[in-house]
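Asker: Go by the hints and put chain B onto chain A.
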Amino acid sequence: MAASEARALERLLAGSGFTEKPAGLALLSGPGAKLHVASALPSRAAAVAHLPTGIEPLDRLISGGLPRGRLTELVGRRSSGRFSVVLGALASATSAGEAAALVDRGSSLDPQAAIEAGVEIERLLWTRPRRVKEALAAAEMLLSTGFPLVAVDLGLPPLRGAAPEAAWVRLARAAEVEGAALLLATPYRVSGFAAGAVVRMDDARFAWLGGGAAPRLLAGVDARLTLDRELRGSARGGATLSLHVADAISRRRDRGQGTGDTKRNRSSSDPSDLAFHPPVSALA
Amino acid sequence: MSAPRVACVVVPLFPLAARLRSEPELAGEAVAVFEGNGNAARVVAATRPARRVGIRAGQTLPQARALLPDLLARGRDLESERAAQEALTEVADTFSPRVENAGEGVLYFDAEGIPMPAGPGDPEIRLGRAVIAAVEKAGLPARFGIAASKLAARVAAGLPDSPTAVAAGEEARFLAPLPLAKLAPEMELAETLERWGIRSIGELAKLPEGEVASRLGELGRELHATARGIDPRPLEPRLPSPSLSEGMELEWPLVTLEPFLFVGNAALERLVRRLESQALACRRLEIGLKLDPEGWDARAITLPAPTRDVKTLLTLTRLELEARPPGASVVGFTFTAQPDRPRQAQLSLFGPAALSPDRLATTIARLVALLGAANVGSPRAVDGHRPERFASADYSPPPPPRERRAPRTGRGLLAIRVLRPAVELEVITAESARLVSVKSTNGAEPEIAGNVRVAAGPWSLEDGWWSAAPASRDYWDVELAEGGLYRIYRDRTSDKWYADGMYD
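Protein sequences, first through last, are from chains A and B. According to our numbering, the first sequence is numbered sequentially starting from 1. According to our numbering, the second sequence is numbered sequentially starting from 1.
FYI, nobody ran anything at the bench for these hints, they're computed from the structure. For clarity, every value in this text was computed on a predicted model and none was experimentally measured. Ideal placement from N, C-alpha and C gives every residue a C-beta, glycine not left out. Some hints could be false.
[As the list claims (entries may be wrong)] From chain B, some residues computed to sit far from chain A (all C-beta separations above 10 angstroms):
hint: 1; residue: Arg65
hint: 2; residue: Asp70
hint: 3; residue: Arg299
hint: 4; residue: Pro397
hint: 5; residue: Leu413
hint: 6; residue: Glu445
hint: 7; residue: Asp463
[Stated by the list, open to error] Here are the simulated distance ranges between beta carbons:
hint: 8; chain 1: A; residue 1: Lys133; chain 2: B; residue 2: Ala323; range: 15 to 25 angstroms
hint: 9; chain 1: A; residue 1: Pro164; chain 2: B; residue 2: Gly36; range: 50 to 60 angstroms
hint: 10; chain 1: A; residue 1: Glu56; chain 2: B; residue 2: Leu319; range: 40 to 50 angstroms
hint: 11; chain 1: A; residue 1: Ala166; chain 2: B; residue 2: Ala27; range: 52 to 62 angstroms
hint: 12; chain 1: B; residue 1: Thr94; chain 2: A; residue 2: Pro164; range: 47 to 57 angstroms
hint: 13; chain 1: B; residue 1: Arg238; chain 2: A; residue 2: Pro164; range: 25 to 35 angstroms
hint: 14; chain 1: B; residue 1: Lys439; chain 2: A; residue 2: Asp228; range: 53 to 63 angstroms
hint: 15; chain 1: A; residue 1: Lys133; chain 2: B; residue 2: Asp491; range: 30 to 40 angstroms
Next up, chain A with everything else stripped away, as it sits in the complex (with noise of 0.2 angstroms):
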């Protein structure tokens, strides 16, 4: 009797497939599978469009450009180019005929200097919250509005009223849901999980001209980039960032072409002819 109950079991057992392989291969492979492994799943990451900052390293890095859809945090310290960085994606977004935003908490631009680095200011939407609170405010109705760029820099520290996590998670979501890019500028990182990439700008160098008994001529500084939470896709590693002072560089040229000239000219050089970044220690 308990033979043939053994038998009995060995065929339904072989019937069904059991022994053959298991119940979620089977799912999963079968005709009409609804179930798929999650690697086989078309990556969102791998259809994040990129608008391109227009500074060769940090595109590089961050492969293409800041992510549409995405907040992307920039963090770096005094004097570690991290408006110039700003200012380069605005440049690179209102050139190619695209409406941005700059939420400026500090007030800190220049409108000649944002010609100057190619930004088209007609394009830009420049708002000057005091708060953190009215910059998150003001960043989510730009947000919502449909503005292809939104530029939150905030300034220097102390940040006064700081906002919750929850409130960048919030901030990412409307830049997620309109497809926008959010480049957020801070001196030390707020965002938390919120961030699709954060990128980190420290260990700046200053270079001078002239020493000694030639006066001192400021030439720019080369900034060390790296990736503190990557996207997909995304270098590996940093990058060195060079930026110059616009009238070094035609100083610069100047003396290559055997002026001499030593006068420091504030006034702004062609913005045609001005498209090489070579590392500024070079220049000194």
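Answerer: Just chain B now, with coordinates in the frame of chain A:
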């Protein structure tokens, strides 16, 4: 020459209809609108549930309450009636360029040669249905009549089977079977005609004109002419109002903001609907508050761009009233919109998407409410040499290019973060004006302190020497040993030091 065609739109029980438009939550309730004070107050109009129990126009309020103790009584609201009448004429404006506002829920418009709605049947009946639907959309019931004269159209609009069209030349035949009361004769004339046994309009029309005139005078002659369908009064078109307003008188004085915003929201919604019907938007919102016991508070909000967003208008109203409370309880209000054309969006197939002008206007209005008008705009460069100079203009971006452009390669320029206002510094100098250390004065932000590692300068700046506030400065670029690269200056006039920028 074809016969003129005059259309008439009548809102039945107009004082009640205007009140229900302002308070739509009363629909379906037993409501009576009364005129007068205390026991002398008389019912002007009542809703169907109230009429069903016997409440009629002319009864005193105590009589009406005796019939129905739960009766909701509302005083006549002239502000609501004015707004309703305006809304009615605006609806007619969408059908004809020549509209006469006859008041009290009645208007006429010239229907000759205007485009008729498509569909089967009599085109004038189709027009009537379209007009009734449009008036109902504006929150009012309506009846419609069309004829060759204003009188015939008015009588046709008063009939229950609306819309009613009276064919050209058929006015006398149309009027003949109707009771004489439809012509609303003077009471004395009506009594005389009653004694003569004249009941219908047709019976009056059959009498010889000369005999009627000799017995009843000029008024009788005019009534006889109208009974024959002759109406010499021409259409008197009104000029469209340059502004739109909505408001109402309140049952009780309001002392807090929230209940006011609740009723104000409904008024703004009606105002925006009217603006939408004329493809306009609000450029300036004027708020008039009737105060208790007397007085009037007027204020205006200018919007950065025309908008039709009720939420924005309500938010701005709230902020305005919070900033400057009226100082007394409010018993009535009016919102007046100065209209303007809304900004038009330009669509592009291949270029970057343009921002929606409506959404942009709303956002700018909200940003202005949040940050102040001075802190929202598009930056502009200003002639001069002072680094802190700037200007701001209204944000009105140019249309995006038709084809997407490649972004320009960055120049890699080191930017300056302007410190506004400039941070006052204490600077220690050594021999031959060498800078040793800098430190911001107590309480100044951002805090700047450190020993000077490298300093470059000075560069002289002189600006506005001819003005009352000239700038005469010596500039240095200083790198601090503790980090940070600043642009500092010594004011030659006051001999004080400041930092006005940071390389960043």
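Asker: Could you run down the list of hints and mark each one as holding or not?
Answerer: Verification of the hints:
Distance check for B/Arg65 against chain A: the nearest CB is about 52 angstroms away, which clears 10 angstroms, and the non-interface claim stands. Every Cβ of chain A is farther than 10 angstroms from the Cβ of B/Asp70; the closest lies at roughly 47 angstroms, confirming the non-interface assignment. The beta carbon of B/Arg299 is kept farther than 10 angstroms from every beta carbon of chain A, the shortest such distance being approximately 25 angstroms. A Cβ of chain A approaches the Cβ of B/Pro397 within 10 angstroms, the least distance being about 5 angstroms, so the stated non-interface status is violated.
Not every C-beta of chain A lies more than 10 angstroms from that of B/Leu413, the closest at about 5 angstroms, which undercuts listing it as non-interface. In this structure B/Glu445 is not separated from chain A by more than 10 angstroms, as the shortest Cβ-Cβ distance comes to only about 7 angstroms. Every beta carbon of chain A lies more than 10 angstroms from that of B/Asp463, the smallest distance being close to 13 angstroms; the non-interface claim holds. Separation of A/Lys133 from B/Ala323 is about 19 angstroms and conforms to the stated range, judged on CB atoms against 15 to 25 angstroms.
For the pair A/Pro164 and B/Gly36, the supplied restraint of 50 to 60 angstroms holds, since their beta-carbon distance comes to about 59 angstroms. Evaluation of the 40 to 50 angstroms hint for A/Glu56 and B/Leu319 yields a pass: the beta carbon distance comes to about 45 angstroms. At roughly 42 angstroms, the beta carbons of A/Ala166 and B/Ala27 sit outside the given window of 52 to 62 angstroms. Between B/Thr94 and A/Pro164 the beta carbon distance is about 50 angstroms. The supplied range of 47 to 57 angstroms therefore holds.
Checking the proposed 25 to 35 angstroms range against B/Arg238 and A/Pro164 shows it is violated: the Cβ atoms sit about 57 angstroms from each other. For the pair B/Lys439 and A/Asp228, the beta carbons lie near 32 angstroms from each other, so the given range of 53 to 63 angstroms is not met. At about 35 angstroms, the beta-carbon gap between A/Lys133 and B/Asp491 stays in the expected band of 30 to 40 angstroms.
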